[in-house]
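Colleague: Reminder that position 81 of the sequence shown reads as 81 in full-length UniProt numbering, one-by-one numbering, no gaps.
If you are wondering where the hints come from, they were derived from the structure by calculation, not from laboratory data.
Hints should not be assumed to be uniformly reliable.
Derived DEER-like restraints, expressed as beta-carbon distance ranges [said to hold, decoys possible]:
| no. | residue 1 | residue 2 | range |
| --- | --- | --- | --- |
| 1 | Arg262 | Leu19 | 42 to 50 Å |
| 2 | Trp57 | Val142 | 17 to 25 Å |
| 3 | Ala259 | Pro362 | 27 to 35 Å |
| 4 | Val45 | Leu135 | 46 to 54 Å |
| 5 | Ala259 | Pro282 | 18 to 26 Å |
Quick caveat: nothing in here was measured; it's all calculated off a predicted structure.
C-beta atoms are modelled at their ideal positions from N, C-alpha and C, and glycine is treated no differently.
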Amino acid sequence: MVQLDAPSLFSRQLSRGQLIALDLVWALVYPVVFQQPGHSVLPLVALGLPIAVRRIWPVPVFLLVMVGSVAVMLAGELPDPFLPAALAMYAVSVSRPRHWWPLAFALGLLCATAVLAGRTTETRLWSISPAGLLLLGSTAIVSAWVLGGAVRQRRVYAARAAERLAEQAVADERLRIARELHDIVAHSMGVIAVKSGVANHVLASRPDSCAVTREALDAIETASRSALTELRYMLGVLRSDVEDAGGLRPAPGLADLPALVRQAEAAGVRVDTTVRGADRLPEGVDVAVYRILQEALTNVVRHAAPTDCRVVVEADGSGVEIEVTDTGTTRPTRNAGSGHGLIGMRERVAVYDGSFAAGPRPEGGFTVSARLPCVVAR
1 MVQLDAPSLF SRQLSRGQLI ALDLVWALVY PVVFQQPGHS VLPLVALGLP
51 IAVRRIWPVP VFLLVMVGSV AVMLAGELPD PFLPAALAMY AVSVSRPRHW
101 WPLAFALGLL CATAVLAGRT TETRLWSISP AGLLLLGSTA IVSAWVLGGA
151 VRQRRVYAAR AAERLAEQAV ADERLRIARE LHDIVAHSMG VIAVKSGVAN
201 HVLASRPDSC AVTREALDAI ETASRSALTE LRYMLGVLRS DVEDAGGLRP
251 APGLADLPAL VRQAEAAGVR VDTTVRGADR LPEGVDVAVY RILQEALTNV
301 VRHAAPTDCR VVVEADGSGV EIEVTDTGTT RPTRNAGSGH GLIGMRERVA
351 VYDGSFAAGP RPEGGFTVSA RLPCVVAR
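Required output: the full structure, derived from the provided sequences and hints.
Modeller: See below:
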């Protein structure tokens, strides 16, 4: 399985809006920090302000800042060199597929500026000859371009790895569903085989029984036993050494919901349950409902901290509805993690062509809801 590096501090804590706000602060502080005695502050303002929107319009900001830097240098108003240009170049490199034209454009302008300047330029801390100007500017621009490209590649890698993990989670959940459905179908086929065998025995003891009926029962018995054999073979293929230690125990269902509730309450979550009309669900749907509730309650325990949780399961003639609502936190950390639990629940619902929704509540907390169509016995 692909392992991802831990995200950086900033990627965990700062949203895009917060990063843009930091750029704005930098744009306002830059002219104050880098103003030189005897020089106008306007060139610094003109170079700094575009940086505030570099994440929104990276290419226009890069072109504007690069041309502005050249104009300021040629006018003899050069601040400490190339910081705005390097920041603008980084924004282009990190947000766009790697192209050589921004780098070629920047280096071409630097060469032209070095030739046209033709003299030593004074800054607050040092004097820069044309050759030094070219070297310093090139180093800053190339470094920003390389760093931005590396960050972009890391993001692309992380996105692809997350995609693969999600696909693997879907495959794992489908395999788990297949195993459980096998158990259910195998049980049903076993019942058919036994019942048809008994019927054959009864008919054999009553000579006046209809021969056609006996022939039909023979066919049922043969077909069901054959199917049962094939299903058992499939089970051997599906099960692996890493399967849960439960072995061939019966699949869980709504009858096991109280045990789930006790586990959640032991972890500090107060759970209120309401179950209506769901005592005679089809066996496969019963398992799916249990698994959805199991994953939803697990998510509450993991992410919502000590809180209240309400579980509602309600069945009618056309299906069963599930809703799990908690009053926990909606901080960004709430959604941290792989997200595979939601994928698994969605796959469970998709097996029955149902509907699924999950997300934060405006008033706080989180809701998972699902509906599975089925015929509920009365």
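Colleague: It remains to establish, for every hint, whether it holds in the given structure.
Modeller: How the hints compare with the structure:
1. Arg262 / Leu19: 42 to 50 Å: 45 Å, holds
2. Trp57 / Val142: 17 to 25 Å: Once the Cβ atoms are compared, 23 Å apart, the range 17 to 25 Å for Val142 and Trp57 holds.
3. Ala259 / Pro362: 27 to 35 Å: This hint holds: roughly 33 Å between Cβ atoms.
4. Val45 / Leu135: 46 to 54 Å: For Val45 and Leu135 the Cβ distance comes to about 27 Å; the hint is violated.
5. Ala259 / Pro282: 18 to 26 Å: Holds, since Ala259 and Pro282 (Cβ atoms, about 21 Å apart) stay within the stated range.
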